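Going line by line, the protein sequences match chains A and B. According to my numbering, the first sequence is numbered sequentially starting from 416. According to my numbering, the second sequence is numbered sequentially starting from 14.
By construction, these hints were calculated from the structure, which means they are not laboratory data. All of these numbers come straight from a predicted model, not from anything done at the bench. Check each hint, because a few of them may be wrong.
Some chain B residues flagged as far from chain A (calculated, every beta-carbon gap over 12 Å) [said to hold, decoys possible]: (1) V35; (2) P61; (3) R116; (4) V124; (5) T168; (6) S171; (7) V244.
Once the Cα atoms are required to be at most 20 Å apart in a straight line, the calculated SDA-like pairs of lysine to any residue come out as [to be verified]: (8) K507/A to L178/B; (9) K519/A to I232/B; (10) K517/A to A177/B; (11) K519/A to R170/B.
Glycine included, every Cβ here is placed at the ideal spot set by N, Cα and C.
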Amino acid sequence: MLEIQSLRKVYDGHGRQVEALRDVTFSVGDGEFVCVVGPSGCGKTTLLRTIGGLLAPTSGTVTVAGQTVSGPPDQLAVVFQEYGRSLFPWLKVYENVELPLKAKGMPKARRAELVNQALASVGLLGAGTAWPWQLSGGMQQRVAIARALAYEPRVLLMDEPFAAVDAQTRADLEDLVRSVWRETGVTLLFVTHDIDESVYLGQRVVVLSSSPTTVVEDIRIDLPDERDQLNTRGLPLFVELRSHIYSLIQKAKRTADTR
Amino acid sequence: MSQTVAVLKRVGLILGLPAVLVATWWFTSADSQEFYQPPLSKIVEVFPKTWTSQRIVDDVVPSLGRFVVGFLLAVATGIAVGVAIGSNRALRAFFEPVLEFLRAIPPPVLVPILILVAGIGNDQKVLVIVSGAIWPVLLNTIEGVRSVDPVLVDTCRSYRVRGALRLRMFVLRAASPQIMTGVRQAQQIALILMVISELVAAENGLGYSIVQFQRGFQIPEMWSGVIVLGVIGVLLALLLRLVERRVLVWYHGVRAAERSQR
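The whole structure should be built from the sequences, with the hints applied where relevant.
So, in structure tokens, the structure goes:
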């Protein structure tokens, strides 16, 4: 569903070249849930913007559903990190979710159906007439998720979507993303800097090195499909995977420091 | 009960200073023998005789008509051109020096030039208004469009919100607080220029009437015209505030939400 092949990105600015991505290759199967984790400042956002077609790579290719990405692909939706800034403050919650559907030229009745369905699946059916800024951070991010779901993408990209919410809200949102993924069968690529979160959520975790970024390891997460905050995080396998990834990232950081 | 007190307090705050000023004017001018500074009581006395419905039709309505046309034309052109220049870096670099020059010209000096170009009719007076009132709208729109949030730009690109929908739902809305600032300034400038355009080569209008009264030594009548102008200015500003309250509901909400978080 999503193929990333030898992706390289060099920023050219003020006579200085910065290599953000060196060589990133991995793929995400249809309906798979993959997390990308790496040390802070490892070019995660660059990677995600390139996959989302918002940034042209220096070399290498991204393929979404068999089509090479050269601009934002129509099968793909993004949930941005800055939830407070990615919702339109002059549109009510309902209109925010509806806007991309209007852009698709969808008839009104169908739009209403999809918007209400999406709002219901994130537990915000009653909040359609609220303004985004009347909602808490966690609820705003739910609206952003609803907007992505209503768009009916085949691939959903999430860029550290819970980085700015408190721990409890974060746990709720993680479970929400899991359940939405299982219900819709969407292909999900979730970028995070939180190792626990990546192991808890994904079927696979792709570990990145420090910038200039390469893939350090691609790890299967063989945890049971039914996950819950209390038990899953206590499983020996969870702890093992977590420490493994932790040591990988520590190593990646050290090599970055000595370079 | 406490609510009534609160309302009274607000009314008192709003009307307090105007009441004091009017009272001061009234009493200090009461025995004035100065020909050019007649007692306020005298001005009030001539007011109904001066501002008859006939004069309102002959002078106030044409003035306001030219004001409305000039102001709306300035706002519409300013927004349209501002969006075009603001969304394009090359256009901006190209136009900015010229705009800075044109803006620096005081609009009243254009009156004689515009008389040469556009004659002395309504067109010329509307042009005078537009030539001054367009700048705050234009420059604020450029600034507002230029400084849209990059995350929302990405959001629009990702969700393929483009063209007219993007303009209507994103660009204009995002720039609307800045645009409204420009529109408020434009309203004040337009009113001033409405009067100025009627001081030279005019045959009707508020500014024309005031000058006529002055030349005919009808000093209380002249003063009453100034009062009419003041009242019109206040009413226009109030009207604009009502419009702004509707257009910028979200903006004031965001600001209030940010304040309460701190």
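Structure-based check of all given hints:
no.	hint	in the structure
1	V35	holds (41 Å)
2	P61	holds (46 Å)
3	R116	holds (29 Å)
4	V124	holds (40 Å)
5	T168	violated (5 Å)
6	S171	violated (5 Å)
7	V244	holds (34 Å)
8	K507/A to L178/B	holds (16 Å)
9	K519/A to I232/B	violated (66 Å)
10	K517/A to A177/B	holds (11 Å)
11	K519/A to R170/B	holds (13 Å)
The structure does not agree with the numbered hints 5, 6, 9 stated previously, though it agrees with the rest.
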